[in-house]
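Construct the complete structure from the given sequences, taking the supplied hints into account.
Protein chains in written order, with our numbering: chain A, 1 to 412; chain B, 413 to 506.
Misleading hints may appear alongside valid ones.
Claimed, not checked - Derived EDC-like pairs (lysine to aspartate or glutamate); straight-line CA-CA distance at most 16 Å:
(1) A:K258 - B:E453
(2) A:K21 - A:E189
(3) A:K373 - A:D330
(4) A:K101 - A:D276
(5) B:K474 - A:E402
(6) A:K357 - A:E390
(7) A:K373 - B:E481
(8) A:K111 - A:D99
(9) A:K111 - A:D14
The hints are simulated quantities; they were obtained by calculation from the structure and are not laboratory data.
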Amino acid sequence: MPDVYNWQLGRNMDYRFETGKQQRQFAAVFNINRCIACQTCTMACKSTWTFSPGQELMWWNNVETKPYGGYPQHWDTKILDLQEQANPGKQTWDPNKKDAKSAPYGTFEGKTIFETADGVNQMATGYIPSEEEWKAPNIFEDAATKYSKEGVSLPEHSGWFFYLQRICNHCTYPACVAACPRNAAYKREEDGIVLIDQNRCRGYRKCVEACPYKKSMYRPSTRTSEKCIGCYPRVEGSDPLTHGLPMETRCMTACIGKIRLQGLVKVGADGQWLEDRQNPLYYLVHVAKIALPLYPQFGTQPNVYYIPPRWVPRNYLEQMFGPGVQSAIDAYTNPSRETLAVLQLFRATQEIVFSYKVEPGPKTMELTVAGQKRELFNDTVVGYDSNGKEIVRVSVDEPLIERPDRFTLNTI
Amino acid sequence: MVSLAEKEFEADDPYEFVGVRYEAEPGTDPDEIMARCFIEEYALMGMPRDRIMRIFHSSHFKGTNAILERRGESFVRAIADSIYGTPATEERHA
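Put into structure tokens, the structure is as follows:
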């Protein structure tokens with residue numbers, strides 16, 4: 001089995017195939033701190049791709065309420081448990097074995113889902129969720145259940161919780177691709193988007209079993225498996241709105257809370273992100289280091305990154321995002337001028353931002369944030385498309401628009 | 413006929429809300445953590461202090477308003493003070 005490098009684990013690992021030869025990689029950053037779980041992303045995806053017979057239980061995009069919510073139910077704790085059973089007491093990180101570029105979070109000393117599998121019956125450790133687990137996406141969720149003229153009161157949380165936004169991670173080492181006995185699941189060379197060839201798929205559900213994030217789903221009406229396609233026609237620039245230029249996915253562009261930023265990053269011959277300092281995604285993941293992969297210990301090297309919620313107990317977050325949590329939260333809580341500016345690019349345009357620059361603005365305020373005095377500047381961040389043409393210009397000072405009091409019932 | 417949106421929920425409905433709470437760590441004050449988080453997030457986007465206080469006072473903002481209702485205005489104001497300090501520029505957007 002080929003030996004590939006996984007920078008999120010800080011080490012080499014076994015994988016069924018050699019590292020792919022992608023020219024670019026689909027990637028995204030989600031800021032958990034600003035998500036309100038309005039599910040607009042979920043419905044944007046649903047109404048675009050999974051509204052047909054046989055797709056009733058399919059949510060390629062979902063937002064779940066952690067720690068208890070999950071679609072399918074308990075997907076993450078079940079995988080963590082399987083991994084712990086396979087390698088008891090040894091699923092640990094050494095945060096001291098780190099390198100700024102090749103092992104920024106330290107080194108994972110446990111086993112990935114590929115390494116705990118037998119390589120014969122399973123290429124990756126996993127399980128097939130039951131129908132019950134798929135069909136109740138609101139179990140344990142902080143979501144309203146019905147329309148009411150009087151309004152609906154949700155319970156007040158005196159403890160902690162947070163919303164986790166989930167799509168396919170379009171992994172560098174996808175478990176679905178490794179598991180497919182027909183090679184129907186594949187990773188595109190042009191943008192790293194992972195797809196399932198519906199002509200080749202025979203519905204064996206090996207991808208459903210193997211994907212640790214449970215983002216491959218079986219469709220009984222066609223007897224094939226389907227998954228998030230990264231809105232590839234939009235990413236290719238097929239939508240007439242952008243005149244042939246790459247466009248963000250439906251779930252990204254629909255985000256009301258401006259928590260999502262998606263793009264394409266440059267990839268080297270070794271499958272790793274090439275240094276591209278002015279790409280906002282590269283900046284957030286590799287320079288500012290405030291965005292972290294979801295369950296990196298699974299070993300698939302996912303390409304969706306999360307800014308972790310600052311109010312949640314760190315041991316829970318470290319299990320979910322690895323040892324980089326505290327430094328990521330520190331960098332987010334008291335961000336640099338550049339980080340503050342880049343955060344304003346989230347959902348500022350439908351076109352994919354390939355590079356940015358920050359134009360300094362006047363000092364507007366003095367604050368004490370996270371116990372440290374700081375100055376606030378109304379800088380401007382300018383985003384550019386793949387041709388270097390300016391497509392967006394936004395300031396750090398967010399315009400304030402107050403909802404009039406007459407909308408008391410929040411009706412539509 | 414009752415429309416779908418008006419129907420009462422039933423116990424075996426898989427979409428029924430069954431959210432559960434998860435206790436905060438001992439020694440932490442969830443209201444303080446969340447109030448500080450809200451204020452710092454908005455402050456870093458340039459929101460002045462008078463506006464911050466309004467989102468705690470307005471019942472339209474359930475999360476922030478719940479904290480104020482539970483802990484009182486002085487609790488919130490003290491956290492805002494610790495972030496904004498002397499309110500020299502707070503009227504900038506007013």
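Right, here's what the structure says about each hint:
no.	hint	in the structure
1	A:K258 - B:E453	holds, 13 Å
2	A:K21 - A:E189	holds, 6 Å
3	A:K373 - A:D330	holds, 14 Å
4	A:K101 - A:D276	holds, 13 Å
5	B:K474 - A:E402	holds, 15 Å
6	A:K357 - A:E390	holds, 10 Å
7	A:K373 - B:E481	violated, 29 Å
8	A:K111 - A:D99	violated, 20 Å
9	A:K111 - A:D14	holds, 10 Å
Violated hints, in rising order: 7, 8; the structure is consistent with all others.
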